[in-house]
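Following the hints, put chain H in place on chain V, whose structure we already have.
There are 2 protein chains.
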Amino acid sequence: MEVRIIGLTDLPLIKENDNISKLILDSLKKSSIDIDDGDVFVIAETIISKAEGTKIDLKSIKPSSKAYKIAKKTGKDPKLVESIINESNEILKVGPDFIISETKHGFVCANAGIDESNVEIGQATPIPIDPDKSAEIIRKELSEATNKQVVVIISDTQGRPFREGAVGVTIGISGMDPLWNRKGEIDLYGRTLQTTNIAVADELAASASIVMGQANEAIPVVLIKGLSYTKKLSSISKTAKSLIRPKKYDVFR
Amino acid sequence: MEVRIIGLTDLPLIKENDNISKLILDSLKKSSIDIDDGDVFVIAETIISKAEGTKIDLKSIKPSSKAYKIAKKTGKDPKLVESIINESNEILKVGPDFIISETKHGFVCANAGIDESNVEIGQATPIPIDPDKSAEIIRKELSEATNKQVVVIISDTQGRPFREGAVGVTIGISGMDPLWNRKGEIDLYGRTLQTTNIAVADELAASASIVMGQANEAIPVVLIKGLSYTKKLSSISKTAKSLIRPKKYDVFR
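Residue numbers (our numbering), protein chains in the order written: chain V, 20 to 272; chain H, 20 to 272.
It is worth saying that the hints were derived from the structure and are not from the lab. Don't take each hint at face value.
It does not matter which identical chain is used: a pair holds within one copy or between any two.
Said to hold, decoys possible - With a Cα cut of at most 25 Å, we get these calculated DSS-like pairs of lysine-lysine:
1) K123 <-> K81
2) K202 <-> K267
3) K267 <-> K91
4) K202 <-> K74
5) K95 <-> K267
6) K91 <-> K202
7) K250 <-> K202
8) K266 <-> K112
9) K88 <-> K267
10) K95 <-> K266
11) K266 <-> K202
12) K202 <-> K98
13) K81 <-> K98
14) K95 <-> K202
15) K267 <-> K112
Same shape as in the complex, but just chain V (with noise of 0.2 Å):
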């Protein structure tokens, strides 16, 4: 029983209108590495957003009265506090060095996501417009190349409230449910389980992290491989969207 996951890293510097899926099957090739059905791809959302030239160029930004207000209050630039306001429906909290919101896309995290690291100074990139979809684009030309049924996850590191540190999660998925609820099933003592529904798709994000690091090591694809349960939640109707906890049964803002 093992799972495979492999750093792919020889991908080069990501820039806008590269072809993502055509640069993952070179560097595939490179590496002789043959693909199953069930196999994920996991692509660090940085350079979904490079290839899809959605990076901001703070020069550009002109601060609003409340970004300064809020810049003021974090310590942190205005420019990039009017970014973290456009990027975001609600501003949640605002603290001495950190902003929390809920961004376009519904996802609760800080800065509203927009990364400074791993982009050309005086820039940053924000989550990509819709990683759903960018995962969708990617999987079906993978899927296509290769023949084989995969699953692409888009992932972004996130802090968690309670817990020390960020962690890899999932802002993007096609071809997989990214939740397998196991209510039903019978664990070892014959109990049917009552309430186990497991973020797959998040522990696969957090899976590819490790390997991905986060500073120079350049390896913003992963490939994990020997999943059992990938083909039995193959799913293309569902997004990344159902990760996200409504509004409503949310007690902790």
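Frame of chain V, contents of chain H only:
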């Protein structure tokens, strides 16, 4: 660049007083798996509680009036509710089908981490009394027997605010700093990273969870091989307590 997540498939059902290290070593021998410096063992907390004999016998619990009140509000068994109160410092949120509390260890999670699956009917397993200590004992035994510096993580499956589904997290660790603070490192564009603190231990617990499954697969121990940074993060003084955000910095309660 490859990490292997290997499920140890031939462990017996764990009983009180079982020596988990010995069972792990037997299993490694049967499967002819060699151990290297920096290898990580992730062990499901359920079997630690079982081996340590800290199962809760629900029949013998006498619910308090507070437990009856919360039971009515949540639809949960009053005996289970009483156990949750006993295992908690503080009840944070109570809703139609959930109780979120801070456990005696300081973890904020549902049902104080008490688990009713994969244990005999009528019983439940609380989080082990001191998961860091349990991890330390097992790490020492495994390191001595294999003559390698290994890391031991005790994992649990917990839900999160804002996101649906549960994921594997670390509740006990020995042999490694659970956080990788990459502040000061240089990114792909030569910029110094400002705030990248990664909860690598939680990512490793999540990685193990994709192999463990949650129902009747019976894979309570997972070995992770091929990580480059576990040696760099090696620490015998750091515990899973560093994964708990101090209450005063926790803006969501």
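Okay, the hints, checked on the actual structure:
1. K123 <-> K81: within (20 Å within a copy, 48 Å between copies)
2. K202 <-> K267: Within one copy, since 23 Å is at most 25 Å while 36 Å is not.
3. K267 <-> K91: between (32 Å within a copy, 21 Å between copies)
4. K202 <-> K74: Intra 42 Å, inter 23 Å, cutoff 25 Å: inter-copy only.
5. K95 <-> K267: Between copies only: 21 Å across chains, 31 Å inside a chain, cut-off 25 Å.
6. K91 <-> K202: between (48 Å within a copy, 23 Å between copies)
7. K250 <-> K202: within (18 Å within a copy, 39 Å between copies)
8. K266 <-> K112: both (15 Å within a copy, 15 Å between copies)
9. K88 <-> K267: between (29 Å within a copy, 23 Å between copies)
10. K95 <-> K266: between (28 Å within a copy, 23 Å between copies)
11. K266 <-> K202: within (23 Å within a copy, 33 Å between copies)
12. K202 <-> K98: For K202 and K98, only the inter-copy Cα distance (22 Å) is at most 25 Å; the intra-copy one is 47 Å.
13. K81 <-> K98: within (7 Å within a copy, 59 Å between copies)
14. K95 <-> K202: Only across copies: K95 and K202 sit 17 Å apart there, 45 Å inside one copy, limit 25 Å.
15. K267 <-> K112: The answer is both: 18 Å in one copy and 14 Å across copies each meet 25 Å.
Hint check: no violations occur; every hint is consistent with the structure.
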